[in-house]
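Chemist: Please put together the full structure from these sequences, using the hints given.
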Amino acid sequence: MSGPLLDVCERVLACVGANAEAEVTVTVGTDALTRFATSFIHQNVTDAAQRVHLRVVLDGRVAESVGNQTDDEALDRLVSGATDAARMRPVDPGWPGLAPPSTGPSVEHWDDATAHAEPAERAERIGAFVRAADGLETAGFCSTTGAAVAFANSAGQRLSGRTSTAILDGIARTGTSDGSGRAASVRLGDLDGVAVGGEAVRRARESADAGDLEPGRYEVVLEPGCVVNLLGFLAIYGFNGRAVEEGRSFARIGEAQFDASLSLADDVAHPMAVGIPFDTEGTPKRRVELVRGGVTSGLIHDRRTAKALGAESTGNAVAGAGPWGALPANLVLEPASASRQELIGSVERGLLVTDFWYTRILDPRTQVVTGLTRNGVWLIEGGRIVRPVTNLRFTQSFVEALGPGQVRGVGTDLTLVGGVAFGAGAWVVPSLHLASWNFTGGARG
Amino acid sequence: MFDYAQAAVDAALAAGARYADARVMDRRHESMGARNGEVEELTQEASVGIGVRALIGSGWGFFSTSDLTRESAQAAGAQAAAIARASTSVSGPDLELVPVEVRQDSWASEVREDPLSVPLTEKGDLLAAATRTMKEHGADVALAGYDVWDTTKWLVSSEGHRIDQHVVECGAHMNATANGETETQRRSYPGIRGQYGTRGWELVREIDLEGNAARIAEEARELLTAPECESHDAIDLIIGSEQMALQIHESVGHAVELDRILGWEAAFAGTSWLDLDQIGSMRFGSDLMNVTADATLPGALGSFGYDDEGTPAHPVDIVKDGIWVGVLSGRDSAALAGLDSSGGAVRGDGYNRLPMVRMTNVGLLPGTSNLEEMIAATDDGIMIDTNRSWSIDDKRLNFQFGCEIGWEIKNGKRGRMIKNPTYTGIGPRFWGSLDMLGNRDEWTFWGTPNCGKGQPQQIGHTGHPSVPCRFRGVRVGVRG
Chain A
17 MSGPLLDVCE RVLACVGANA EAEVTVTVGT DALTRFATSF IHQNVTDAAQ RVHLRVVLDG
77 RVAESVGNQT DDEALDRLVS GATDAARMRP VDPGWPGLAP PSTGPSVEHW DDATAHAEPA
137 ERAERIGAFV RAADGLETAG FCSTTGAAVA FANSAGQRLS GRTSTAILDG IARTGTSDGS
197 GRAASVRLGD LDGVAVGGEA VRRARESADA GDLEPGRYEV VLEPGCVVNL LGFLAIYGFN
257 GRAVEEGRSF ARIGEAQFDA SLSLADDVAH PMAVGIPFDT EGTPKRRVEL VRGGVTSGLI
317 HDRRTAKALG AESTGNAVAG AGPWGALPAN LVLEPASASR QELIGSVERG LLVTDFWYTR
377 ILDPRTQVVT GLTRNGVWLI EGGRIVRPVT NLRFTQSFVE ALGPGQVRGV GTDLTLVGGV
437 AFGAGAWVVP SLHLASWNFT GGARG
Chain B
646 MFDYAQAAVD AALAAGARYA DARVMDRRHE SMGARNGEVE ELTQEASVGI GVRALIGSGW
706 GFFSTSDLTR ESAQAAGAQA AAIARASTSV SGPDLELVPV EVRQDSWASE VREDPLSVPL
766 TEKGDLLAAA TRTMKEHGAD VALAGYDVWD TTKWLVSSEG HRIDQHVVEC GAHMNATANG
826 ETETQRRSYP GIRGQYGTRG WELVREIDLE GNAARIAEEA RELLTAPECE SHDAIDLIIG
886 SEQMALQIHE SVGHAVELDR ILGWEAAFAG TSWLDLDQIG SMRFGSDLMN VTADATLPGA
946 LGSFGYDDEG TPAHPVDIVK DGIWVGVLSG RDSAALAGLD SSGGAVRGDG YNRLPMVRMT
1006 NVGLLPGTSN LEEMIAATDD GIMIDTNRSW SIDDKRLNFQ FGCEIGWEIK NGKRGRMIKN
1066 PTYTGIGPRF WGSLDMLGNR DEWTFWGTPN CGKGQPQQIG HTGHPSVPCR FRGVRVGVRG
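Chains A and B are the protein sequences, given in the same order.
For reference, each letter of the first sequence is one residue, going 17 to 461 in the working numbering.
For reference, each letter of the second sequence is one residue, going 646 to 1125 in the working numbering.
Please note: incorrect hints may appear among the correct ones.
Once the Cα atoms are required to be at most 20 Å apart in a straight line, the calculated SDA-like pairs of lysine to any residue come out as [what the hints assert, rightly or not]: (1) B:K780 - A:P106; (2) B:K1064 - A:R264; (3) B:K1040 - A:G227; (4) B:K780 - A:P109; (5) B:K1064 - A:I377; (6) B:K1040 - A:D225; (7) A:K323 - B:N681; (8) A:K323 - B:G682; (9) B:K1040 - A:T406; (10) B:K780 - A:A324; (11) B:K1040 - A:T54; (12) A:K323 - B:E686; (13) B:K780 - A:E261; (14) B:K780 - A:D108; (15) A:K323 - A:R77.
In case anyone wonders, no lab produced these hints; they're calculated from the structure.
Modeler: Set out below in structure tokens:
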């Protein structure tokens, strides 16, 4: 295995020498994002990004250095900074050692045209979105990223990979309502500005002139934007080796904590996934079942929490995650057989919700979260949408909402949603029909 | 470094830009984290690069690179212009920049003890000792950490600005978590985000982590058996200055960002309930409410000499005697809104992020009361402090915030401790109920080092001077 990025890794390891253990990750790529608001492009950025991350271990003393230069002098500084810092540190009793040599999964989510997309190509899709709005005000963004990553450590592990992602995400606004549309893919070519803009317009128009609704418990159909938000809390505070180790998690392996219709995994090899198939510790990712048929079946680990709990790393270490621990980059919630119409049709009296907004946890153990609805809410009665509703605040335990007997339907509409919590990746989810959701007030007070 | 920035600006102009500016930034960041008596993480990051902004017609373009040579700076300028040209294909209203005095200047924050020169062993010992003490006093999980940012930046604009600044930011945090049968309780110190400022290591020494470690650990454990905060549709609420900083940040600071008011953040961070037609007449709160955005406050986290457009730091009135009078703005947003000058509130999080409207030090001016007087003047109320959760709607109007700890107030005295206090309200209605305000002795410049905004997301460092306050008739104790 070789290549210019791995060559940089080898130069760093050579500079560290034989007296210390070390691991190096080099990332090079382009992050480009074109933003529009009030129906025109107002921000348009491209970053030619480069990052070198080094972790050095001297007799169990660990320190990390990060730089963005790859000339010899800069790499020397990077190495001397990390080794000097490590010398002054106490031995880390939780240090799990370096990842051993292994073969990464043969997964590549890459599209050359997306990685090298021109600003005009993003502007073209935004123009289509704006035109599809047919005079409604619009706002949102189109992004393209391409990143190549190489990893090497002094235990002999060598890995490299690359990934691209394109996202088109926006809203249309009527004056009394907003509606959202979004699409994400490994290929910019898959994104259709007219279709995404049209979806936003439909939601905006259908939710215009909404009326208030008395707060209380309602059935809900949560569209993919909400489901991703909900799963984020379960993943970060629950299926997380660090949270379990510290006693902060609800997760109990082997218990039927969820409805039998739910199966959740972290799976970088899923056909709709994006991302690199190994983590910042050089552990190849593998499919990790977190919930199977409602039973909690696994946790996300980096090497530290895996060692502490007698497990194996799942390849989910994230540089800079600190006390958060490992994070999933490729959550997949398995779809079922209900179409969107069937999900709505099975609701006696409830709400269809497009997106959640500003969700914050009140207690990680019980997963009680407060937040608001956004970009379209409708009242459903007798299986039919009867009217739009103004935004509502909720305060709800996310674990209870998905508990045994609480899921009345799982959609077929498997959707890749990018830009998830903590920038951890992009997750693939369907819509859900849940038996009860606790709305505690109107957004207008 | 000025030469690289100048080369980038010249290249952007040569490629057709009618205005361009460039920032070279050299930043070092050091962070350390300890857990349960052991230092667990130490990261030192160094980044250097250039970001160039170009304006063609009414279209902006921005390009950044870590490749810092004259040739790459010129290429970055040309790229920024090419991106700006692409922006004009979906164009909006004519965009101008309000005038700003062109200056060549240097500025540096005041540092008494360089935080990067304090030995790592000493810093590690401090964090290890604090977390060990928390463990010994009942914490199941004890965390502590510090961050240091040392940033030098050089700004050049096509109008003639040449400004260099050296800003040192520093601070620390710690928290103790206690696990019960079915819940967790946490106490943080000095606040949920710690305490940060444009100061040196002297700030960390002043907050005395170890001297407060035992107390917060014991409080976290005590909370497990404390009664739940009861639900009240309307009760008097005394809020400590740390939670007030969050209240100001979320319900005032973001609401008065001009880019939000203009709709530039509509799809992500949201808009604002404020209408520019009502500036100068809209009542935001009671007569006691006076809010400024002041980047000149010494040592506060949102202080600087010049913003990233070269506008000199200056105080801006935001709310005066309860009336909304000002906004946080930059040169383009101010022009679009018909203002005469920029509020000097534009900053970027690193060389590779587009400068945008950010809070400076948005805070309450102190009043004449104090916390003890507020308690004594309250017959039936609740006192809360230290933020635990925060959620607010996309217009910055409807909020629900939770705190780590509370106390009942009965007949002018602080009573028993209560857990899981939350309160909710509508911005102007809530601020209108402000009737007591702490004095200058209680005025604290809280620093928020993690304000997320923008796409790609930027993490801003903002300051929030605040004091304890009393509000009347607040809805408290919202349940899940």
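Chemist: For every hint, state whether the structure bears it out.
Modeler: Each hint tested on the structure:
1. The straight-line distance between the Cα atoms of K780 (chain B) and P106 (chain A) is roughly 19 Å, inside the 20 Å bound, and the hint therefore holds.
2. For the given pair, K1064 (chain B) sits about 17 Å from R264 (chain A) by alpha-carbon distance, which is consistent with the 20 Å threshold.
3. Proximity of K1040 (chain B) to G227 (chain A) is assessed by CA-CA distance (about 18 Å); at most 20 Å being required, the pair is judged to hold.
4. Straight-line distance between C-alpha atoms of K780 (chain B) and P109 (chain A) comes to about 17 Å, which keeps the hinted pair within the 20 Å bound.
5. Simply put, K1064 (chain B) and I377 (chain A) have alpha-carbon atoms about 15 Å apart, close enough for the 20 Å limit, and the pair holds.
6. A hinted pair counts as satisfied when its Cα atoms are at most 20 Å apart, and K1040 (chain B) with D225 (chain A) qualifies at roughly 17 Å.
7. Taken as a hint, the K323 (chain A) and N681 (chain B) pair is honoured in the structure, with Cα atoms around 17 Å apart against an allowance of 20 Å.
8. For the hint linking K323 (chain A) to G682 (chain B), the alpha-carbon distance of about 19 Å falls within 20 Å, and the restraint holds.
9. The straight-line distance between the Cα atoms of K1040 (chain B) and T406 (chain A) is roughly 13 Å, inside the 20 Å bound, and the hint therefore holds.
10. For the suggested pair K780 (chain B) and A324 (chain A), the alpha carbons sit about 18 Å apart, so the restraint of at most 20 Å is met.
11. Between K1040 (chain B) and T54 (chain A) the CA atoms are separated by roughly 16 Å; this keeps the pair inside 20 Å, and the hint holds.
12. At roughly 17 Å between alpha-carbon atoms, K323 (chain A) and E686 (chain B) fall within 20 Å of each other, so this suggested pair holds.
13. Using a Cα cut-off of 20 Å, the hinted pair K780 (chain B) and E261 (chain A) holds, with the two alpha carbons roughly 15 Å apart.
14. Proximity of K780 (chain B) to D108 (chain A) is assessed by CA-CA distance (about 18 Å); at most 20 Å being required, the pair is judged to hold.
15. Simply put, K323 (chain A) and R77 (chain A) have alpha-carbon atoms about 17 Å apart, close enough for the 20 Å limit, and the pair holds.
Checked against the numbered hints given earlier, the structure satisfies every one of them.
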